[in-house]
Each structure stands twice: as structure tokens, then as C-alpha cells.
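*Asks:* For the sequence shown, counting from 1, position 251 maps to 251 in the UniProt record's numbering; every step adds exactly one.
When the alpha-carbon atoms are kept at most 20 Å apart in a straight line, the in silico SDA-like pairs for lysine to any residue are as follows:
hint	residue 1	residue 2
1	221	242
2	255	125
3	221	245
4	221	166
5	221	243
6	255	168
7	255	181
8	221	256
Derived DEER-like restraints, expressed as beta-carbon distance ranges:
hint	residue 1	residue 2	range
9	259	226	23 to 33 Å
10	77	25	26 to 36 Å
11	179	230	25 to 35 Å
12	109	170	47 to 57 Å
13	147	179	38 to 48 Å
14	78	42	19 to 29 Å
15	255	79	27 to 37 Å
16	148	246	26 to 36 Å
No wet-lab data here; the hints were simulated from the structure.
Heads up, the beta-carbon is just placed ideally off N, CA and C, and yes, glycines get one too.
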Amino acid sequence: MNEGGHRIQIVVNPSAGRVRGTTLARIVTGFERAGAEVVLTECGPGRPVTIAEDVSRLCVIGGDGTIRHVATALRTAERDLPLSIYPAGTINLAHRELRSPLDPDRFAVHALESGARHHALRVGSALCLSCASVGPDSHAVAAVSPRLKRRIGRFAYLVAFFRVLLTWRRTPIRLVWEAGEQPCEAVYVAKGRFFGGPWSFAPEADRTQPIMHVIALRTAKRRDVARFAWAVLRGRCPSDAANLVSFSCTDLWVKADEPLPVQVDGDAEAVLPVRMTIDPVSFSVC
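Kindly generate the complete structure, drawing on both the sequences and the hints.
*Replies:* Laid out in C-alpha cells, this is it:
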């Protein structure tokens, strides 16, 4: 490690990110100008994240999936290193929570500052930083076309979502948490404020607090889903009291008689039944 300074590992996923080479070069230069030594590594399909032994900080350039993989690698390695995020993905939920600078030079300065502790969610074996869900949107995430996603970005999820609604078949789901049980047909879990982009169904959710916020739809008919989605898209907290159940908890089982897909930070990462718990180890994010 350079004497008196930082040794920063930058992790980039070239197959998923949208960052230009000039932007990466400016971030590297910004770190070096601040007296840091930079280690540049890549990850992606068939290239797992490896945390270098002698680094003092991590910087991720990528989308929510890449960020989750790096955070998982930190957790697995039992390393407590500050993690900074530069957005280069489709939705960038984790970065929306941080609001760190997009200008590469300003970002490099910001990334060397201390960050708040992030309490993540465990969804089965997957780490969840922002949100999870089971319902039409999780079916859409599981069915989204990677080719279309590369072409039109986040709008590929909307295409998949409307295709799912055309053939939507409701399935009973059962929620079990510390304070009770609840039958439903769709469930949305927030660890952070944002969902699917700049929208929110739980604006009170806070990544720095060890708690999850849950909204369940008692019935998930097409009109129920449309009403819920329309409220979220308009920036209004869903308020269909007759059909919505909301609560907060730290330990939640989501069960069904079918292996329904579970959406985690924009990816299909599990199937029901699944247990969601607050991860016992927090990490610093800036």
C-alpha cells in the first residue's frame, strides 16, 4: 500500500456496464491525483469478484447486479472495506440512494470520504441492497429479454411486464413474520427507498436502518396491479386500504405452493419458498 494513502480496487463489469473508457480514465486519474494507488479489476459471467488482499477501499463501476456481487464478495471474505458506487447499469437503484456525483473528478473526491453503514437484506442466499418482490414484476424480470435490455435499457422491463399481464395467473402466497401471518397474491419488500427507477412504494424505507418495509396485495387481479403501479408511477404512496397490507419486520417467510420467481434488485435471484432477513453485518457505502 502506498505510504500515507489509500489503495483502491476498482471493479468493472465490461459486459454489463455503460461507462465509457474516458469516464473510467478520469475516475482513475481523480483517485491518483488525490494520492491513492489504483488496482483495476474486471468481473462478469465466468469471472467472479475477487477482493485484493492489500486494498483499503473498493469502488464499483456498474449496475445493481454488479454492486450486489461485489458486496456479496466482501461479505463472504469477511472484509470491512468502504464501498463507493459509480452508476453504469440499467436502473441503478443503489446509486439513487447515495446521490453521489456523476462527474468523474468530483466522484473520485467523494469516494474517499466516509460513508454511512448499510444494512442489507438476505433473500435466501442472495444479498439484497434495495428491493425484492414476488408478483407480476418478478415474473417480468425472470422473462425479460437480455437482447432487448441491451437495446432499450429499462424499457425492456416494461415490455416484459405487459406481456406477463396478458397471461397473468394469480397464485396464493402466504407471508409469515414475527408478528403474524397474511395471505396475499403479490408482495413488495423495500430495503431502500427506490423501486424500478426513481419511484417508491415505501418512501420511509432507509438503507441505514436494520428493518424492511413490506406491502402486500391481498388480491393481484390485473386492475389491482394496475392501481398499485399507477400510484407508484405518480409518486404517491399506494393507499388502497381495502386491498393493501403494510408492515415492517426483520424476518419474513414468503411461501407458496408453486416455485414463483423472486425479484432481487432487478434480477431473478430465487424462487419460493424463501426467507428474507436483515443481514447481521453492515458495511460502509458512500
